[in-house]
Amino acid sequence: MNNKISVLLTYEKLNQQKCYDFVQDDSCGGIVTFTGTVRNHTSGKEVKQLEFSAYNPMAVKELTKIAEKAIKRFDILKIAIHHVVGLLQIGDIPVVIAVSSSHRKAAFEACEYAIDTLKETVPIWKKEFFEDGEVWVNAHP
Amino acid sequence: MNNKISVLLTYEKLNQQKCYDFVQDDSCGGIVTFTGTVRNHTSGKEVKQLEFSAYNPMAVKELTKIAEKAIKRFDILKIAIHHVVGLLQIGDIPVVIAVSSSHRKAAFEACEYAIDTLKETVPIWKKEFFEDGEVWVNAHP
Amino acid sequence: MTINTLFFGIVMDITGQRKTTLTFEKEMTIGDFQVYLLKKYPGLTDIKNFAFAVNESYVKEDYKIQENDVVAIIPPVSGG
Amino acid sequence: MTINTLFFGIVMDITGQRKTTLTFEKEMTIGDFQVYLLKKYPGLTDIKNFAFAVNESYVKEDYKIQENDVVAIIPPVSGG
Chain G
1 MNNKISVLLT YEKLNQQKCY DFVQDDSCGG IVTFTGTVRN HTSGKEVKQL
51 EFSAYNPMAV KELTKIAEKA IKRFDILKIA IHHVVGLLQI GDIPVVIAVS
101 SSHRKAAFEA CEYAIDTLKE TVPIWKKEFF EDGEVWVNAH P
Chain L
1 MNNKISVLLT YEKLNQQKCY DFVQDDSCGG IVTFTGTVRN HTSGKEVKQL
51 EFSAYNPMAV KELTKIAEKA IKRFDILKIA IHHVVGLLQI GDIPVVIAVS
101 SSHRKAAFEA CEYAIDTLKE TVPIWKKEFF EDGEVWVNAH P
Chain H
1 MTINTLFFGI VMDITGQRKT TLTFEKEMTI GDFQVYLLKK YPGLTDIKNF
51 AFAVNESYVK EDYKIQENDV VAIIPPVSGG
Chain U
1 MTINTLFFGI VMDITGQRKT TLTFEKEMTI GDFQVYLLKK YPGLTDIKNF
51 AFAVNESYVK EDYKIQENDV VAIIPPVSGG
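Residue numbers (my numbering), protein chains in the order written: chain G, 1 to 141; chain L, 1 to 141; chain H, 1 to 80; chain U, 1 to 80.
No wet-lab data here; the hints were simulated from the structure.
Mixed in with the good hints there might be a few duds.
In silico lysine to aspartate or glutamate, EDC-like type, Cα no more than 16 Å apart, as pairs [unchecked claim]:
#: 1; chain 1: G; residue 1: Lys48; chain 2: G; residue 2: Glu120
#: 2; chain 1: G; residue 1: Lys65; chain 2: G; residue 2: Glu134
#: 3; chain 1: G; residue 1: Lys127; chain 2: U; residue 2: Asp13
#: 4; chain 1: H; residue 1: Lys19; chain 2: H; residue 2: Asp69
#: 5; chain 1: U; residue 1: Lys64; chain 2: U; residue 2: Glu27
#: 6; chain 1: U; residue 1: Lys40; chain 2: U; residue 2: Asp69
#: 7; chain 1: G; residue 1: Lys69; chain 2: G; residue 2: Glu120
#: 8; chain 1: G; residue 1: Lys48; chain 2: G; residue 2: Asp116
#: 9; chain 1: L; residue 1: Lys105; chain 2: G; residue 2: Asp26
#: 10; chain 1: G; residue 1: Lys65; chain 2: U; residue 2: Asp13
#: 11; chain 1: L; residue 1: Lys127; chain 2: H; residue 2: Glu56
#: 12; chain 1: G; residue 1: Lys105; chain 2: L; residue 2: Asp116
#: 13; chain 1: G; residue 1: Lys48; chain 2: G; residue 2: Asp92
#: 14; chain 1: L; residue 1: Lys65; chain 2: H; residue 2: Glu56
#: 15; chain 1: L; residue 1: Lys4; chain 2: L; residue 2: Asp26
#: 16; chain 1: L; residue 1: Lys65; chain 2: L; residue 2: Glu120
#: 17; chain 1: L; residue 1: Lys69; chain 2: L; residue 2: Glu120
#: 18; chain 1: L; residue 1: Lys45; chain 2: L; residue 2: Glu134
#: 19; chain 1: G; residue 1: Lys45; chain 2: L; residue 2: Asp26
#: 20; chain 1: U; residue 1: Lys64; chain 2: U; residue 2: Asp13
#: 21; chain 1: G; residue 1: Lys61; chain 2: G; residue 2: Glu120
#: 22; chain 1: L; residue 1: Lys65; chain 2: L; residue 2: Glu134
#: 23; chain 1: L; residue 1: Lys45; chain 2: G; residue 2: Asp26
#: 24; chain 1: L; residue 1: Lys48; chain 2: L; residue 2: Asp132
#: 25; chain 1: G; residue 1: Lys4; chain 2: G; residue 2: Asp21
#: 26; chain 1: G; residue 1: Lys4; chain 2: G; residue 2: Glu68
#: 27; chain 1: L; residue 1: Lys48; chain 2: G; residue 2: Asp26
#: 28; chain 1: U; residue 1: Lys48; chain 2: G; residue 2: Glu131
#: 29; chain 1: H; residue 1: Lys48; chain 2: L; residue 2: Asp132
#: 30; chain 1: G; residue 1: Lys61; chain 2: U; residue 2: Glu27
#: 31; chain 1: L; residue 1: Lys127; chain 2: L; residue 2: Asp92
#: 32; chain 1: L; residue 1: Lys48; chain 2: L; residue 2: Asp116
#: 33; chain 1: H; residue 1: Lys26; chain 2: H; residue 2: Asp69
#: 34; chain 1: L; residue 1: Lys61; chain 2: H; residue 2: Glu56
#: 35; chain 1: G; residue 1: Lys48; chain 2: G; residue 2: Glu134
#: 36; chain 1: G; residue 1: Lys48; chain 2: L; residue 2: Asp26
#: 37; chain 1: U; residue 1: Lys19; chain 2: U; residue 2: Asp62
#: 38; chain 1: H; residue 1: Lys64; chain 2: H; residue 2: Glu25
#: 39; chain 1: L; residue 1: Lys127; chain 2: L; residue 2: Asp26
#: 40; chain 1: U; residue 1: Lys19; chain 2: U; residue 2: Glu61
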């Protein structure tokens, strides 16, 4: 299983090529990638920057669970899930998920499953900074 | 419409970063990319290399139609569809499709729509070269 | 009537040509033209199916070919 | 019983702490612990919802907390 999964939680800038190179395989026919990017607005308000913090060891465990489930549930070859913690600027990349497969449909499904599940279960928190204050995303009803 | 679409049919190596940079936008929240890769086997036979040829002007028109329809049909910001013609080796990249969107579900749907439709309608033909001969893919019943 | 005809992929291999110019006495639909091509190049019956494009757009069997149309025979595509 | 408690995100802001060690005379479930926390930190009622993890895995309300467990309060996540 280990050579099929690459999970990373890092304070450094993400490298999309590294994710691609990890999942690329001469027996695969296609690679689907999801790249998150920091948006310059939320509900019409201008976002200046944002910060991700995490419960680091548990976040790595949950990311690994997602990768393992994706391998078990979908007909894919390899998956890489890399996420950043720390301060990010507009246009920066908080997350990269890359999936390789012989059959592209499985790669699309697995990639979407991974990002959907990540946003539900992985203990990572985003704080958005506006001109006039800051907000923990999703925290309030 | 034109600043939302990048279509390319080229004899040169594809540049994934170029597709990403075209669709990236400070107002988008995510980018979904499909990258085709040349597989080393077909139905258990080892593939040595392959060649793509196209009805070039019509292929560009059909690729443009797909990009335009994707923009109209899905809630996405930008789309790039780049395809190679000429001789490719194992691991090379025949096609890159990148889609940016505020809502990741739309980006996944549009990207899958684009590659599925490309494989049905765009006049591009793949010839696979084996140890003992060559075959036009999909040509025979 | 003069029809400029383009061949691609396996059709190019079967006909041994990239293109040819064909002349006919009467008007023709794409359906008529297909019947003619299958007689002239019997090898085409080996192909799963093929489509036609006129002036770089797909057309149906009932399309009436016009003077100097560029007709392309499109064998099953396999891009991507 | 000693419970090592970790706070994250908005919960860290509300409690003003990253972690704390709490001691109780009797056994507790996560549900009991939640009731205790909401009394001790009334600001927590402003949050949409929160989950609990014990030793880095999610647990349900009926989990019985063990001596020296590390209990993390997990406010709504927002990674990706």
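Worksheet entry | Straight-line alpha-carbon gap lysine 19 (chain U) to aspartate 62 (chain U), limit 16 Å | Violated: lysine 19 (chain U) and aspartate 62 (chain U) sit about 23 Å apart, past 16 Å.
- Message: What's the verdict on lysine 69 (chain G) and glutamate 120 (chain G), does the C-alpha distance respect the 16 Å limit or exceed it?
- Response: Roughly 15 Å between the alpha carbons, so the hint for lysine 69 (chain G) and glutamate 120 (chain G) holds.
Would the hint linking lysine 61 (chain G) and glutamate 120 (chain G) be met if the CA-CA limit is 16 Å?
14 Å, holds
* Restraint status (C-alpha distance of lysine 61 (chain L) to glutamate 56 (chain H) at most 16 Å) -> Answer holds: lysine 61 (chain L) to glutamate 56 (chain H) is near 8 Å, not above 16 Å.
### Query
Are the Cα positions of lysine 26 (chain H) and aspartate 69 (chain H) separated by 16 Å at most?
Within the cut-off at roughly 15 Å; holds.
Agreement of lysine 4 (chain G) and glutamate 68 (chain G) with the hint, judged by alpha carbon distance not exceeding 16 Å = Since the Cα atoms of lysine 4 (chain G) and glutamate 68 (chain G) sit roughly 9 Å apart, the hinted pair holds (cutoff 16 Å).
*Please work out if lysine 65 (chain L) and glutamate 56 (chain H) have their alpha carbons no farther apart than 16 Å.*
Holds. Lysine 65 (chain L) to glutamate 56 (chain H) sits at ~12 Å (cutoff 16 Å).
**Request:** For the pair supplied as a hint, lysine 4 (chain L) and aspartate 26 (chain L), confirm whether the alpha-carbon distance does not exceed 16 Å.
**Result:** 14 Å, holds
* Asked: Straight-line Cα separation of lysine 65 (chain G) and aspartate 13 (chain U) no greater than 16 Å?
  -> 29 Å, violated
CA of lysine 127 (chain L) to CA of aspartate 26 (chain L), is that 16 Å or under? 40 Å, violated
- prompt: Would the pair lysine 45 (chain L) and aspartate 26 (chain G) pass a check requiring their Cα atoms to be no farther apart than 16 Å?
  reply: 13 Å, holds
Original post:
Straight-line Cα separation of lysine 45 (chain G) and aspartate 26 (chain L) no greater than 16 Å?
Top reply: 13 Å, holds
Violation of the numbered hints given earlier is confined to hints 1, 2, 6, 8, 9, 10, 11, 20, 22, 28, 29, 30, 32, 37, 39 and 40; the remaining hints are satisfied by the structure.
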